[in-house]
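Engineer: Take a look at the letters that make up each chain.
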Amino acid sequence: MRSKRKHLGDHASWRLKAGAIFALLFLHVPIIVIILYAFTTDERTFRFPPPGLTTKWFETVITSRPDFWTALVLSLQVAAIATGAALILGTLISAAMYRAKFFGRDAISLIVVLPLALPGIVTGIALRSAIGFAGIPFSFWTIVIGHATFCIVVVYNNVIARLRRTARSQTEASMDLGATSFQTFRHIMLPTIATAMLAGALLAFALSFDEIIVTTFTAGQQQTLPIWIFSQLARSRQRPVTNVVAVFVILLTSIPIMVAARLTREASSEQ
Amino acid sequence: MAATTAYVPSPAPSFWRRASTYFYRHPRLSLLMTLALPMFWLVVIYLGSLLALVAQSFYGVDSFTGQVTNQLTLDNYRLLLQPANIDIIVRTVTMAALVTVSAVPLAYPLAYYMARYASPRMKMILYVLILLPLWSSYLVRVYAWKLILAQEGIVSWFAAQTGTSGLLDAFLQIPGVGGTSLALSNFGIFIAFVYVWLPYMIIAIEAALERVPKSLLEASGDLGAKPRTTFRQVIWPLAFPGVVAGSIFTFALTLGDFVVPTVLGNSQYFIGQAVLTLQSTSGNMPLAAALTVVPMLIMGVYLWFAKRLGAFDAL
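Chains as they are written, first to last, in our numbering: chain F, 1 to 271; chain D, 272 to 586.
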């Protein structure tokens, strides 16, 4: 028994804990640095420690940077519509994949993941080629098409995971009791997958809101928020403005992620 | 229950019931209708685009006007074989490989801790802590390393405080690794890539480790294996599909990125940057397309191997 304790005790060894804590710090310290630099008085360099602290950059962003607000609104619109499209498409695919075994099923599961598994430039430049061949002008809608394409998989993953955990007997019982398949969908399936759809939608929203690689290729003159931030990185004045925006973005994306995590956890603890 | 109940013909079934019955009797048709819209999107729009990309790469470019011509040619692929382009490809693939290999030991302890020791509540907290950085703006996280690695930034300050500035300068002198400052070096690019993709690796390894039954480890211990042997003979082989699954993300995402090398790099191009420049500044779509086919092929081979190693079951 003694020898087992070494690796099978209920407590992790200090080396394992140290490694785990190191990874967590590695993941989070840079984000703290971002927040710190939003308050620095030094607008031209990244001097550490900051020579002074100020909140004036928050005022600057709110009152005198309309370019930021335009980009933010565009990003929110794109994310909302792309998420809506991905929600419908992703849910339909998971419903089909869950219900039936059919020829080409494996191929579909591969195509769904492909937009996310292939390098971003591939999806980006592929869509640009196609849009160019089709003679469609680059616009708001070409951005949405690109985003919806790689958001489908997020919705699909969430919904199919929920469906797999749902007992088939429920839908069978509903049909046996005389419900039509539409009623069964409305009253049995939809309530079961609703939170998974919501979680998928929230993640898709965050993914779209943050995307830059594909967007660079599918956008015309429009600047989504990531493209705006990217253009700011090259500027040498008002550098803390980028950090203030970064803090906004971090807050704005954390909320949907936390809600999504909570939704999936509640569902799995019910089981 | 008197016998007064007269026979009442049941009302004609409603439209919805008839439709429901019809679809129930024709499962193929209902499947087709469910999949029609998503398949249109994924097959026509997405796969169609990939085909358009490949087609694009065979178009010629007039050497005088720079206009794309309708003549099909292999010139773009011949241009890829020029030393400068080979350099770009080799540099990018090497970086992707290094990033992937380095992410594993960094991710493993946390993944193992989550899978083996963390209470359900703790596990949930750790999940959120790992996913938060992943989903909170990618650009912002790359930018963070510019702040940390800048010449006047935290790392230099720390080096000055600990009297290791000389060491830092010596490190920057190493060709191929260093540069004028850490924020403009291949090392900076490397760190930022490891940083932004690490969560994928942690989650993938954790998912694989979670499926290793505790009894296997106990059996190994009971049979006299030392922890090291148990790790090598039992845990690692079972965790490996997860490592491969995670590596798909770290590798593919590094191959196709232009943000990190633009923010933290020097003038040496990576595939993503070269593609972007060719497409936007030079307006040479065919060559940009041909260069994009390279990571596509690499990932095709990679995914094929990953499938054979069981990585898709671990996803």
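Check the hints yourself; a few may be wrong.
Okay, derived cross-link-like pairs now, EDC-like style, lysine to aspartate or glutamate, Cα gap no bigger than 20 Å in a straight line [said to hold, decoys possible]:
| id | chain 1 | residue 1 | chain 2 | residue 2 |
| --- | --- | --- | --- | --- |
| 1 | D | LYS417 | F | ASP42 |
| 2 | F | LYS17 | D | GLU423 |
| 3 | D | LYS394 | D | GLU481 |
Calculated directly from the structure, the hints in this document are not laboratory data.
Computed from a prediction, not measured in an experiment: that's the story for all the values here.
Engineer: The structure should be examined with respect to each hint, and the outcome stated for every one.
Structural biologist: Hint-by-hint comparison with the structure:
For the hint pairing LYS417 (chain D) with ASP42 (chain F), the CA-to-CA distance comes to about 15 Å; that is within 20 Å, so the pair holds. Under the criterion of a C-alpha separation no larger than 20 Å, the hint pairing LYS17 (chain F) with GLU423 (chain D) is inconsistent with the structure, at around 33 Å. Our distance criterion of 20 Å between C-alpha atoms is met by LYS394 (chain D) and GLU481 (chain D), whose separation comes to about 11 Å.
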